[in-house]
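Whole structure, please, built from the sequences with the hints as guidance.
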Amino acid sequence: MNLALLLGLAAVLSLLPAGKLPISVQRWLLPLAVALLGVAIWHGACALTQTTIFPTPLESFAAIFELARSSRLWNDVVASLFRVTWGFGLAALVGIPLGLWIGWRTRSFLAFNPLVQGFRPISPIAWIPIAILWFGIGDISAIFLIFLASIFPIVVGTTAAVQNIPQVYVRSASNFGLTGFELFRRVVLPAAMPQIITSLRIALGVAWLVIVAAEMVGMQSGLGYLVSDARNMGKRYDLVVAAMILIGLIGIVLDVLVRQLQNFDEVRWGFAKR
Amino acid sequence: MTQHSERGSEFAGRKFSEFATIKESLIARRLDASFILAPLAMQLVASGVPIKIVYLGHRDGTTLMVAKNSPVTDFAGLRGKKIAIPNRFSNQNILMHRMMKQWGMSFDSIQLIELPPPEHPTALAAGSIDGYIVGEPFPAQAELDGIGRPLYFTKDMWPNFISCVLVVRQELIDEQRELVQELVDGIAKSGKWLDADLAHRMDAAEVVGKHFNRQNPELLKFVLSKPPDRVKYTNLAPLKKDFDEIMELALEMGVLKQRLEFEQYVDTSFVTPLETLDWNMEQLPRPTAEATSK
Amino acid sequence: MKLKVLLGALLWTLLVSLAHVQLNIGWSQVNAIVREWMGHKRKTLDVGFLPVT
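Chains as they are written, first to last, in my numbering: chain Z, 171 to 444; chain D, 65 to 358; chain P, 307 to 359.
I should point out that these hints are in silico values taken from the structure, not numbers from a laboratory. Treat the numbers as computed from the prediction; the structure is a model and nothing was measured. Among the clues, some could well be false.
A few chain P residues facing chain Z, derived, Cβ under 10 angstroms [unchecked claim]: (1) 311; (2) 318; (3) 319; (4) 322; (5) 325; (6) 327; (7) 329; (8) 334; (9) 336; (10) 338; (11) 350; (12) 354; (13) 356; (14) 357.
Anything over 10 angstroms on all C-beta distances counts as not near chain Z; from chain D, calculated [unchecked claim]: (15) 80; (16) 112; (17) 114; (18) 143; (19) 256; (20) 261; (21) 267; (22) 291; (23) 298; (24) 303.
Quick list of simulated restraints, FRET-style, between CB atoms [unchecked claim]: (25) 316/P with 195/Z: 30 to 38 angstroms; (26) 340/P with 223/D: 19 to 27 angstroms; (27) 326/D with 316/P: 57 to 65 angstroms.
All C-beta atoms, glycine included, are put in the ideal place defined by N, C-alpha and C.
The following block contains the structure:
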């Protein structure tokens, strides 16, 4: 309990002068302080309820080290990243052109949008039995599930991006004599880029979320498998929470990486200054 | 369950976390052989999946647990209580109903809920269930953690209890008989070796706990030794009278809807007398980290 | 600009795929997988199980 109070105090104290510090410091100090506060509340809750089952922060971090020391951790992280890379990559390769096409042509939109909207709400988890039937119990199944999970945000976002292009861009471009492919490449695509990248960010988040759930069923490696395996080991909730923390951390890293795409000049104009 | 991988032909144990995926893999022919719950095997055959039971996985090995300080002393004390079972297509479910019949209780006098095996000890500790009946090592775990105590072992309720069976797809039986025979012989030999000496069981617990199941070897040693007949690995030939009894009970409970003849879902041709089988231990490879890291 | 992103993505995909094969599948298995795709019979018999008695 004392540890919790100490941590909480440290977190709050560091937040007090935060407003006066330079942005570069605030950038890491603020989230760190919030995280510390969260850990303090977690530890305090464990101490208060005197739970014997739910792991304390210390136990969970110890479990993280246990995982790190066993050779399996890297295997599982690589496995999950591998599946997400391929599933998300394929989804982007198929989804962006598809979204552009559906967004640009009215007839395509009328024809295919209902289909897209109809399939979108079906959770990839519901596809697992069919995935196993079609692709068996291995990486291909997992990649298929990620593909399904990622492609809908990408298609819908890209479609919306194209449809939201201000008419004035298109009209003034055609005034300059740009038509067809040139119009598309030099006006439509750049105009849609910011929103397309946003949809990629969302899709990656969904992909990372789904891979964990998908790996709980039938896979033999990966972070989701780690959670499921820890569960089967008996009372190893410290490992479960440790795996959850790792999943979250990697999720943050992935998001930061994709956000870098927003920094390119061609795209920067589309995002409000921060 | 203990798995021994053999060379000569190569067998690979594939660990799953629930039966639904095994079921789908068997149907889709991604998996040609597996250990599954006996009633589930019957259900699959009834739905037209071409599999046959060729051997048993073990005998006994299931325990009915109650909370450490529960006042219940016999089965009648479970009236009105909430007991967890692993699956409705499990022999644990059938066993509960068999006991209710024997004790003159109606089928709805105990509330049975389906829960994945790893959740049973936690649910008992949290008080959301009054007891559970499931395969080891989850009962032993509650015992070692001090949250539960065994009310009955299966040897006290339904001696030589059958829980999991080895099923093989018909195509494999037809096309690669020798392979299936080798698999069954391997299991038989392993079982004989396990039951021959307690030291063998301890050795197996170390190997399985560390390399295959990632369960605590101490827990597995407890399961395999206290008492030594908590679970048995010999006498694994599927017998008609055992399965007919299961079939009758399952039909009565409504778990199975269609009566099947023993020969429709069991193939006993692979059973060989135990006296003729023995491992040559020197020839068996020890599991290496590389071989079992998958 | 777009070229850098594309190359980076391809490089990442290559690296993570190689790492995955190295760590999880094993190079010996790759041979078996390719042969299975081409229609040959599987040489190993997979036997499924649950870690519960």
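Outcome of the hint check:
The closest approach between the C-beta of residue 311/P and any C-beta of chain Z is roughly 7 angstroms, which is under the 10 angstroms cut-off, so the hint is satisfied. Hint on residue 318/P holds. Least Cβ distance to chain Z is approximately 7 angstroms, under the 10 angstroms limit. The beta carbon of residue 319/P comes within 5 angstroms of a beta carbon in chain Z, closer than 10 angstroms, and the hint placing it at the interface holds. About 5 angstroms separates the beta-carbon of residue 322/P from the nearest beta-carbon of chain Z, less than 10 angstroms, and the hint is met.
Below 10 angstroms, beta-carbon pairs count as interface contacts, and residue 325/P has one with chain Z at about 5 angstroms; its hint therefore holds. Among the interface hints, the one on residue 327/P holds; its C-beta lies about 9 angstroms from the nearest C-beta in chain Z, closer than the 10 angstroms criterion. Annotation: interface hint on residue 329/P holds; nearest CB of chain Z at approximately 4 angstroms, less than 10 angstroms. Given hint, residue 334/P at the interface with chain Z, is violated; its Cβ is 16 angstroms from that chain's nearest Cβ, farther than 10 angstroms.
Checking residue 336/P against chain Z by beta carbon gives a least distance of about 12 angstroms; that is not within 10 angstroms, so the hint is violated. With a cut of 10 angstroms, the hint placing residue 338/P at the interface with chain Z is violated, because the nearest CB-to-CB distance is about 12 angstroms. Because the beta carbon of residue 350/P sits about 14 angstroms from the nearest beta carbon in chain Z, more than 10 angstroms, this interface hint is broken. Proximity of residue 354/P to chain Z holds as hinted, the smallest CB-CB distance being about 9 angstroms (cut-off 10 angstroms).
The interface hint given for residue 356/P is met, as the beta carbon of that residue sits about 8 angstroms from the closest beta carbon of chain Z, less than 10 angstroms. Checking residue 357/P against chain Z by beta carbon gives a least distance of about 6 angstroms; that is within 10 angstroms, so the hint holds. At roughly 6 angstroms, the least C-beta separation between residue 80/D and chain Z is not larger than 10 angstroms, which violates its mark as non-interface. With a cut of 10 angstroms on Cβ distances, residue 112/D stays outside the contact zone with chain Z, its closest approach being about 15 angstroms.
Once the 10 angstroms rule is applied to beta carbons, residue 114/D is consistent with being away from chain Z; the minimum gap is 16 angstroms. The Cβ of residue 143/D sits about 29 angstroms from the closest Cβ of chain Z, beyond the 10 angstroms cut-off, so the non-interface label holds. Consistency note on residue 256/D: stated as away from chain Z, and its beta-carbon is indeed over 10 angstroms from all of that chain's, at 28 angstroms minimum. Here residue 261/D stays apart from chain Z, with its beta-carbon at least about 27 angstroms from theirs, past the 10 angstroms limit.
For residue 267/D, the shortest C-beta to C-beta distance to chain Z comes to about 21 angstroms, beyond the 10 angstroms cut-off, and the non-interface label holds. Non-interface status of residue 291/D relative to chain Z is upheld: no Cβ of that chain comes within 10 angstroms, the nearest being about 21 angstroms off. Against the 10 angstroms criterion, residue 298/D stays outside the reach of chain Z, whose nearest CB is about 27 angstroms from its own CB. A cut-off of 10 angstroms between C-beta atoms confirms that residue 303/D is not in contact with chain Z; the least separation is 31 angstroms.
Look at residue 316/P against residue 195/Z: about 37 angstroms separates their beta carbons, and that is inside 30 to 38 angstroms. Restraint check, residue 340/P to residue 223/D: a C-beta distance of roughly 50 angstroms breaks the suggested window 19 to 27 angstroms. In this structure the supplied range 57 to 65 angstroms holds for residue 326/D paired with residue 316/P, their Cβ-Cβ distance being about 59 angstroms.
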